[in-house]
Every structure is written in C-alpha cells, then in structure tokens.
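Could you put the whole structure together from the sequences, leaning on the hints where they help?
Number of protein chains: 2
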Amino acid sequence: MKKSKIMSERVIFPKGEKIAGDGIANNHFIGNVWLQMLVTDDSTFHCPIGNVTFEPGARNGWHTHPGGQILLVTGGKGYYQEADRKAQVIREGDIIKILPHVKHWHGAAPDSYFSHIAIMPNSGKGDATWFGAVTDEEYRDLL
Amino acid sequence: MKKSKIMSERVIFPKGEKIAGDGIANNHFIGNVWLQMLVTDDSTFHCPIGNVTFEPGARNGWHTHPGGQILLVTGGKGYYQEADRKAQVIREGDIIKILPHVKHWHGAAPDSYFSHIAIMPNSGKGDATWFGAVTDEEYRDLL
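Quick note, the sequences are listed as chains A and B, same order. Counted the way the numbering used here counts, the first sequence spans residues 179 to 321. Counted the way the numbering used here counts, the second sequence spans residues 179 to 321.
Please keep in mind that the hints were generated in silico from the structure rather than gathered at the bench. Treat the hints loosely; a few may be bogus.
Treat identical chains as interchangeable: a pair holds within one or across any two.
Claimed, not checked - No farther apart than 20 angstroms at their CA atoms in a straight line, the calculated lysine to any residue pairs in the SDA-like style are these:
{"no.": "1", "residue 1": "LYS281", "residue 2": "TYR258"}
{"no.": "2", "residue 1": "LYS303", "residue 2": "HIS279"}
{"no.": "3", "residue 1": "LYS193", "residue 2": "TRP240"}
{"no.": "4", "residue 1": "LYS196", "residue 2": "GLY239"}
{"no.": "5", "residue 1": "LYS281", "residue 2": "GLY239"}
{"no.": "6", "residue 1": "LYS275", "residue 2": "SER221"}
{"no.": "7", "residue 1": "LYS275", "residue 2": "PRO192"}
{"no.": "8", "residue 1": "LYS193", "residue 2": "GLY209"}
{"no.": "9", "residue 1": "LYS264", "residue 2": "ALA311"}
{"no.": "10", "residue 1": "LYS255", "residue 2": "PRO192"}
{"no.": "11", "residue 1": "LYS281", "residue 2": "THR222"}
{"no.": "12", "residue 1": "LYS275", "residue 2": "LEU321"}
{"no.": "13", "residue 1": "LYS275", "residue 2": "THR222"}
{"no.": "14", "residue 1": "LYS281", "residue 2": "LYS303"}
{"no.": "15", "residue 1": "LYS196", "residue 2": "ASP262"}
{"no.": "16", "residue 1": "LYS196", "residue 2": "SER290"}
{"no.": "17", "residue 1": "LYS255", "residue 2": "ILE190"}
{"no.": "18", "residue 1": "LYS193", "residue 2": "THR313"}
{"no.": "19", "residue 1": "LYS193", "residue 2": "LEU321"}
{"no.": "20", "residue 1": "LYS193", "residue 2": "GLU270"}
{"no.": "21", "residue 1": "LYS275", "residue 2": "GLU195"}
{"no.": "22", "residue 1": "LYS275", "residue 2": "GLY302"}
{"no.": "23", "residue 1": "LYS275", "residue 2": "GLU260"}
{"no.": "24", "residue 1": "LYS255", "residue 2": "ARG269"}
{"no.": "25", "residue 1": "LYS255", "residue 2": "GLU233"}
Since the model is a prediction, treat every value here as computed from it, not as a measurement.
Rendered as structure tokens:
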C-alpha cells in the first residue's frame, strides 16, 4: 500500500476538523468526514474551496448547488452519483464537474478512504439544497 | 529528499505539456513551464483550472486577472510577488488569493521546482492582462 493511501495522512492540505460523527448525524453526511476550508466564501471571489476527507463508507446526502461544483479528487477511491444515473467509481486524479441544480452525492467507497478538493464557483447564486441521506440500503445496492 | 519533490514526478494531477521553451519565450513565461488544464473555461462554471509546474527558476511575468485568481500550492517551493511589495516564499500546502486587478507574478525558487493548481473564478470578467517579464536581474535581486 502506498504511503499516501493511509487514511490518517494529510494529502498536501490539512485534513481539518471532523464534521459528522458516526452514524446519521444529519441528512448531509453519514460516517466520519473531515473538512478544512482552504478558501472561505466572500463577495469578491465567490468561490469557496474545501478539502474534504471521508472515511471508508462515509458519504454526503443528495444535494444540489445553484452555482455548480467542481471536485478535484486528491486521494483514495470514492463514488459519485447523479439522480437517475448509475454511481461511478472515482479515484485520485479524477475531475468531476457538477452542473448547477443537478441532484447528486459523493463519498468514499466501502473499502477506501476518499479525499477531494471541492470548489464552489458562483457561490453568489446561493447555498446548497439538501434532499436527504443515501441510506445504508441504497449504498449497499450500488456494489 | 521526499519522493514527491522530484521534479519529473506528477503530483496527483498530470504535468501536461510544456508551454514555454528555455529562455524568454514571450513576456508571459521565462524557463520551462508545464500546463495541464483540469477544467477548461466555459459559460456555466466560469472557472477554468490549470495544473502548472515550473522548473527551478521558471516564472511567469507581471499580470492581472479581472476576476481574481486562487493558487493552491501542491509541491515544491516558489515565489509570489505583488507590485510594490516584497516577494514571499510559498510552499506546498499554501493558498494564495490574488484580488482582481492586482499586478503580480509567481514561479519557482531558483533551487526547487514548484507546482500549483491555478483557479480562475469569474472568468466571464475577461482574460489576464500581461505587463512584461520578471527579468533575470529582478529575479536575482529578490534573493
């Protein structure tokens, strides 16, 4: 196993603070997820950027971004799924462009941590809207 | 020396194509610089993103971005300087927010390669404007 694949290691940018506890903390995340904001939202750049790390099996819920979102996958193996489409496996080096208002979720595969840099351009268009969790049953059925 | 510091190695994202030859290729870059676009410009995200790698001593010229620019430093050691300010040393893990219309340049230190992800939000506001090279004499006087 390459050293950079170890769950606890930082991948260039700090891992940040844990934002969700084990189990269903809310409708936004399931499992342990760490967030380090690299750029906070402001009215000049309109482009907050976060470094997000998911433990194996952790994921966010279905949501949309009015200004779209870009994911730069920096480590591990994860899933990305848009509504009414099959989930796709994504890995270190992958780039995901999520169009405005497209309902989607992303998170770790069951057997790997997963980290990405999440870029939210056009943040002046508003905050994400959340639609509920990807349940354990739904997640299991992806495999 | 950590393996990730080796000049020729990719740092998560591909190194891409060489965009400037040795010497003063134009007023935009001096030295060898490689670019891999991760996200091309479009009218939805307005947020092109490039992975840029500079050989030791390579740098871009003085320029401005009408929509601002954010640099995520992913490897090596480099310099960032704004007009009428001292150059600062920047390293892997540093984040640089460049306000719209602020004249600046960035590039590698003389003794290290340097790589960053360059994010250009609000690209609908227009392209960069270039003001000429950071000459060898200017660059040497920074040290």
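LYS196 and ASP262: within-copy, between-copy, both or neither at 20 angstroms Cα: neither (30 angstroms within a copy, 40 angstroms between copies)
Alpha-carbon proximity between LYS193 and TRP240, which holds within one copy, between copies, both or neither at 20 angstroms: neither (23 angstroms within a copy, 33 angstroms between copies)
Up to 20 angstroms CA-CA - GLY239 versus LYS196, copy category: within (17 angstroms within a copy, 40 angstroms between copies)
Homo-oligomer pair classification [GLU270, LYS193; C-alpha up to 20 angstroms]: both (16 angstroms within a copy, 14 angstroms between copies)
Status of SER290 relative to LYS196 across identical chains (alpha carbons, at most 20 angstroms): Only inside one copy: LYS196 and SER290 sit 17 angstroms apart there, 34 angstroms across copies, limit 20 angstroms.
20 angstroms Cα threshold - placement of ILE190 relative to LYS255: both (17 angstroms within a copy, 13 angstroms between copies)
Same-copy or cross-copy closeness of LYS193 to GLY209 [CA-CA at most 20 angstroms]: Cα proximity of LYS193 and GLY209: one copy only (15 angstroms, versus 34 angstroms across).
Alpha-carbon proximity between LYS303 and HIS279, which holds within one copy, between copies, both or neither at 20 angstroms: within (11 angstroms within a copy, 23 angstroms between copies)
Within, between, both or neither: LYS281, GLY239 at alpha-carbon 20 angstroms: within (10 angstroms within a copy, 41 angstroms between copies)
Intra- versus inter-copy proximity for GLU260 and LYS275 (alpha-carbon distance at most 20 angstroms): within (11 angstroms within a copy, 31 angstroms between copies)
Within, between, both or neither, where LYS281 and LYS303 count as close if Cα-Cα is 20 angstroms or less: Within one copy only: 16 angstroms inside, 28 angstroms across.
Status of SER221 relative to LYS275 across identical chains (alpha carbons, at most 20 angstroms): between (22 angstroms within a copy, 13 angstroms between copies)
Comparing the model with each earlier hint shows violations of hints 3, 12, 15, 18, 19, 21; every other hint is respected.
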